[in-house]
Amino acid sequence: MRARDAILKRLRERADGPLSAPDSDFAVVTNRGWSAEERLARFEHWITSVHGEVIHTPHETWTDTLTKVLADKGMRRLALGKQHSVAVEARRALAGAEVELVDVDRDIETWQREQFESVDAGLTSTRGAIAETGSLWLWPTPDEPRLISLVPPIHIAVLDADTLEDTFFDVVKAHGWAGGMPTNALLISGPSKTADIEQTLAYGVHGPRALVVLVRHATTQAEGA
Amino acid sequence: MSLQSHDVRPQGVQTYTPREFHHQAHDALGNPQIRANFRKAMDGLMTKRRDSFADWDLETLRELGANIRLRALAKLPDLLEQLEANCEANGIRVHWAEDGEQACRIIREICESHDARSVVKGKSMVTEEMHLNAYLEQAGIEALESDLGEYLVQLNEQTPSHIIMPAIHLNTDEISEILHDKTGTERTRDVDTMTAAARQQLRERFMAADVGVSGVNFAVAETGTLCLVENEGNGRMTTTVPPVHIAVTGIEKVVEQLRDVPPLYALLTRSATGQHVTTYFNMISSPRKEGEHDGPKEVHLVLVDSGRSRIYQDDELLDTLRCIRCGACMNHCPVYTRVGGHSYGTTYPGPIGSILSPHLMGLEETKDLPTASSLCGACGEVCPVKIPIPDLLVRLRRESVGEGRGNVPGAGVKRTRKEAAAWKGFQWLATHPAVWRAGTSVPGKLRALMPAKLGVWTDYRTAPKPAGTTLHALVKRHQASKSHQPNNKSHEEEP
Numbered sequence: 001m002r003a004r005d006a007i008l009k010r011l012r013e014r015a016d017g018p019l020s021a022p023d024s025d026f027a028v029v030t031n032r033g034w035s036a037e038e039r040l041a042r043f044e045h046w047i048t049s050v051h052g053e054v055i056h057t058p059h060e061t062w063t064d065t066l067t068k069v070l071a072d073k074g075m076r077r078l079a080l081g082k083q084h085s086v087a088v089e090a091r092r093a094l095a096g097a098e099v100e101l102v103d104v105d106r107d108i109e110t111w112q113r114e115q116f117e118s119v120d121a122g123l124t125s126t127r128g129a130i131a132e133t134g135s136l137w138l139w140p141t142p143d144e145p146r147l148i149s150l151v152p153p154i155h156i157a158v159l160d161a162d163t164l165e166d167t168f169f170d171v172v173k174a175h176g177w178a179g180g181m182p183t184n185a186l187l188i189s190g191p192s193k194t195a196d197i198e199q200t201l202a203y204g205v206h207g208p209r210a211l212v213v214l215v216r217h218a219t220t221q222a223e224g225a
Numbered sequence: 001m002s003l004q005s006h007d008v009r010p011q012g013v014q015t016y017t018p019r020e021f022h023h024q025a026h027d028a029l030g031n032p033q034i035r036a037n038f039r040k041a042m043d044g045l046m047t048k049r050r051d052s053f054a055d056w057d058l059e060t061l062r063e064l065g066a067n068i069r070l071r072a073l074a075k076l077p078d079l080l081e082q083l084e085a086n087c088e089a090n091g092i093r094v095h096w097a098e099d100g101e102q103a104c105r106i107i108r109e110i111c112e113s114h115d116a117r118s119v120v121k122g123k124s125m126v127t128e129e130m131h132l133n134a135y136l137e138q139a140g141i142e143a144l145e146s147d148l149g150e151y152l153v154q155l156n157e158q159t160p161s162h163i164i165m166p167a168i169h170l171n172t173d174e175i176s177e178i179l180h181d182k183t184g185t186e187r188t189r190d191v192d193t194m195t196a197a198a199r200q201q202l203r204e205r206f207m208a209a210d211v212g213v214s215g216v217n218f219a220v221a222e223t224g225t226l227c228l229v230e231n232e233g234n235g236r237m238t239t240t241v242p243p244v245h246i247a248v249t250g251i252e253k254v255v256e257q258l259r260d261v262p263p264l265y266a267l268l269t270r271s272a273t274g275q276h277v278t279t280y281f282n283m284i285s286s287p288r289k290e291g292e293h294d295g296p297k298e299v300h301l302v303l304v305d306s307g308r309s310r311i312y313q314d315d316e317l318l319d320t321l322r323c324i325r326c327g328a329c330m331n332h333c334p335v336y337t338r339v340g341g342h343s344y345g346t347t348y349p350g351p352i353g354s355i356l357s358p359h360l361m362g363l364e365e366t367k368d369l370p371t372a373s374s375l376c377g378a379c380g381e382v383c384p385v386k387i388p389i390p391d392l393l394v395r396l397r398r399e400s401v402g403e404g405r406g407n408v409p410g411a412g413v414k415r416t417r418k419e420a421a422a423w424k425g426f427q428w429l430a431t432h433p434a435v436w437r438a439g440t441s442v443p444g445k446l447r448a449l450m451p452a453k454l455g456v457w458t459d460y461r462t463a464p465k466p467a468g469t470t471l472h473a474l475v476k477r478h479q480a481s482k483s484h485q486p487n488n489k490s491h492e493e494e495p
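So the sequence lines, in the order shown, correspond to chains S and H. Okay, so the first sequence: first residue is 1 according to the UniProt record's numbering, each after it adds one. Okay, so the second sequence: first residue is 1 according to the UniProt record's numbering, each after it adds one.
Honestly, the hints are just simulated from the structure, not real lab data. Check each hint, because a few of them may be wrong.
To be verified - Straight-line alpha carbon distances no greater than 20 angstroms define the calculated EDC-like cross-link-like pairs of lysine to aspartate or glutamate that follow:
#  : chain 1 : residue 1 : chain 2 : residue 2
1  : S       : LYS68     : S       : ASP120
2  : H       : LYS289    : S       : ASP107
3  : H       : LYS418    : H       : GLU364
4  : H       : LYS297    : S       : GLU109
5  : H       : LYS289    : S       : GLU109
6  : H       : LYS386    : H       : GLU63
7  : H       : LYS289    : S       : ASP105
8  : H       : LYS386    : S       : ASP25
9  : H       : LYS75     : S       : ASP25
10 : S       : LYS173    : H       : GLU222
11 : H       : LYS289    : S       : ASP143
12 : H       : LYS418    : H       : ASP368
13 : H       : LYS75     : H       : ASP314
14 : H       : LYS40     : S       : GLU198
15 : S       : LYS73     : S       : GLU98
16 : H       : LYS386    : S       : ASP23
17 : H       : LYS75     : S       : ASP16
18 : H       : LYS75     : S       : GLU13
19 : H       : LYS297    : H       : ASP314
20 : S       : LYS9      : H       : ASP78
21 : S       : LYS9      : H       : GLU81
22 : S       : LYS9      : H       : GLU98
23 : S       : LYS82     : S       : ASP143
24 : H       : LYS297    : S       : ASP143
25 : H       : LYS75     : S       : ASP5
26 : H       : LYS414    : H       : ASP368
27 : H       : LYS40     : H       : ASP51
28 : H       : LYS297    : S       : ASP25
29 : S       : LYS82     : H       : GLU290
30 : S       : LYS9      : H       : ASP99
31 : H       : LYS386    : H       : GLU316
32 : H       : LYS75     : S       : ASP23
33 : H       : LYS182    : H       : GLU137
34 : H       : LYS75     : H       : GLU63
35 : H       : LYS386    : H       : ASP57
36 : S       : LYS9      : H       : ASP314
37 : H       : LYS75     : H       : GLU316
38 : H       : LYS289    : H       : GLU88
39 : S       : LYS173    : S       : ASP25
40 : S       : LYS82     : S       : GLU53
Sequences are here, hints too, so could you generate the full structure?
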């Protein structure tokens, strides 16, 4: 406690006297006023500019799209949750498919090496996305833990087009993040990358080498399956 | 408070010191490889930064960034207490350290309480500042850097040469050679192959690590949240895979509210590398909760002072603490671009390093750094939080010769009696016009006595000769002749 008190005392007894705190005007990071089309176009522009793949799909047939993506990419083992509707629908659709489904509702200690070495892809839901930067936002849960969007070589994220918002500031404000943060909140904008070797971009340095975003579009009548 | 960092640098690591700035800069200037690497990288980064702000009202955004940081500093002691209270409420244990040595000890004790033998690190400049790796090594704990650039630099037994791009001084062939020598990776010029090899090597280490150590980009007082900005995913690995996570940060990194984060993040990524966003923005607010299946079971936050509360005392120097560590000042500095990061011999190179290091290490060690600038002003113009870096460089130059307020350790170290007397003499001359005029006319009158040989100067040049008539006299004569011409407009017509 001695260091703490000494540091705080020095800060409180500032030699040049107390400082006054200015107010901040946040207008420059909000009020974009984009239409839904503009939002989607911007999101897609930015996330694809950093190697993210965007695949549009009608909401009711999204699992067909997922099945096709998995087949195209030769994915054999897919890690996914059990409770989120994304996981429930995916599990139902993939029940008879070639792909082996890997449960993630177990403590990492019990299957760390398996997750690191023999899972081809992780499937997660998203809470929304940010148009200005092409970012997905995720709050990992016990059903969809933190590492399934990081450890497998491919991350497949499901995004509902109508959850797109303009800016990060807008998301933080609209969803009351300050009122209660989860253990881990994430923005993900593309696959893992580095430019540490002579400024040359390389993907998949520690995290996934590919990020596939399945953007689900609601059709006029029924929303959801 | 001890200013000298505890000396734990291991023998093997190639060391640079700020005392040797001139020699190191001289060597770097003579190394075409270093010059080419930095020049290419910095030119690219300047263009990318400019392009990334193209659609923005950059001045307003910088104004907001500066304003947020200033507000945080104005409330600093309260915010630190609030951060501590909220972190503790979330289950994050908070520790305070007066200096790097204390911080190292705290980290070692946490490691020892878990019988940790292996630590994996995300990028953290403050742990570089306190030489944590070497300290842990001495305690028998291996510390491995996981950021690809830091990993390469560590393999090569060096220190980072840029705060965002640690291995910027190495080119592809050199990196291939390092990976081959140290890890047995086959030589290749293919960056993807090298990256894949490092991925494999480091994944083993993540799985085996007992403790993960990371830095913090922003610590949010309002929610007790630690924010980490990164592209590679090593930061997420470091803070998620090992059973214990220790985050280390300087006390100035706190911000008041969560809404303060988006503007700073927008400024940081674009200023640093010209990216519109990084791959990951990782916000950690607690250890693994009941029912969760991954993430560390313990999270610690170590708040390090190390001279920061001393900087805090002085109204002008305070601006130094606004820094969000983007490195834009380096990328735009004509001196840094030419001499490279290692020449400075400090954890933080370039303009920000030159205004920060004297406080961390004392002016005895760093007296040359504030002069490692042409005062062109580029650093101040690009700083996302509007730190008046050139003014602070001048302030530190004054401090180093004992002409400041004495608020910097080692103030006055560069003062010599001779120089002080010379300037005093000049001051007297310059404020006594009659003496000045008499004095300045002497060289012109004695111009015939100028020697033809002046040491090395005249090996390749002719000796300069003072003019017979001074410039002042010439101008006076010219003006007198102009004012006789009736049609000529002279500035005296203006009111």
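Given the hint that H/LYS386 pairs with H/GLU63, test it: the Cα-Cα distance must not exceed 20 angstroms.
-> holds, 7 angstroms
Does the structure keep H/LYS75 and S/GLU13 at a Cα separation of 20 angstroms or less?
-> holds, 13 angstroms
Under the criterion that the straight-line Cα-Cα distance not exceed 20 angstroms, is the pair H/LYS182, H/GLU137 satisfied?
-> At roughly 18 angstroms apart (the allowed maximum being 20 angstroms), H/GLU137 and H/LYS182 satisfy the hint.
Straight-line alpha-carbon gap H/LYS289 to S/ASP105, limit 20 angstroms | holds, 14 angstroms
Satisfaction of hint between H/ASP368 and H/LYS414, Cα-Cα up to 20 angstroms = holds, 9 angstroms
Would the pair H/LYS75 and S/ASP25 pass a check requiring their Cα atoms to be no farther apart than 20 angstroms?
-> holds, 18 angstroms
Under the criterion that the straight-line Cα-Cα distance not exceed 20 angstroms, is the pair H/LYS297, S/ASP25 satisfied?
-> violated, 39 angstroms
Regarding the pair H/LYS75 and H/ASP314, is the alpha-carbon distance no greater than 20 angstroms?
-> holds, 15 angstroms
Given pair status - S/ASP23, H/LYS386, alpha carbons within 20 angstroms = holds, 17 angstroms
Given the hint that H/LYS289 pairs with S/GLU109, test it: the Cα-Cα distance must not exceed 20 angstroms.
-> holds, 15 angstroms
Take the C-alpha atoms of S/LYS82 and S/GLU53, compute the straight-line distance between them, and say whether it is at most 20 angstroms.
-> violated, 25 angstroms
Regarding the pair H/LYS40 and H/ASP51, is the alpha-carbon distance no greater than 20 angstroms?
-> Holds. H/LYS40 to H/ASP51 sits at ~17 angstroms (cutoff 20 angstroms).
Taken one by one, the earlier hints fail for this structure at numbers 19, 28 and 40, listed in ascending order.
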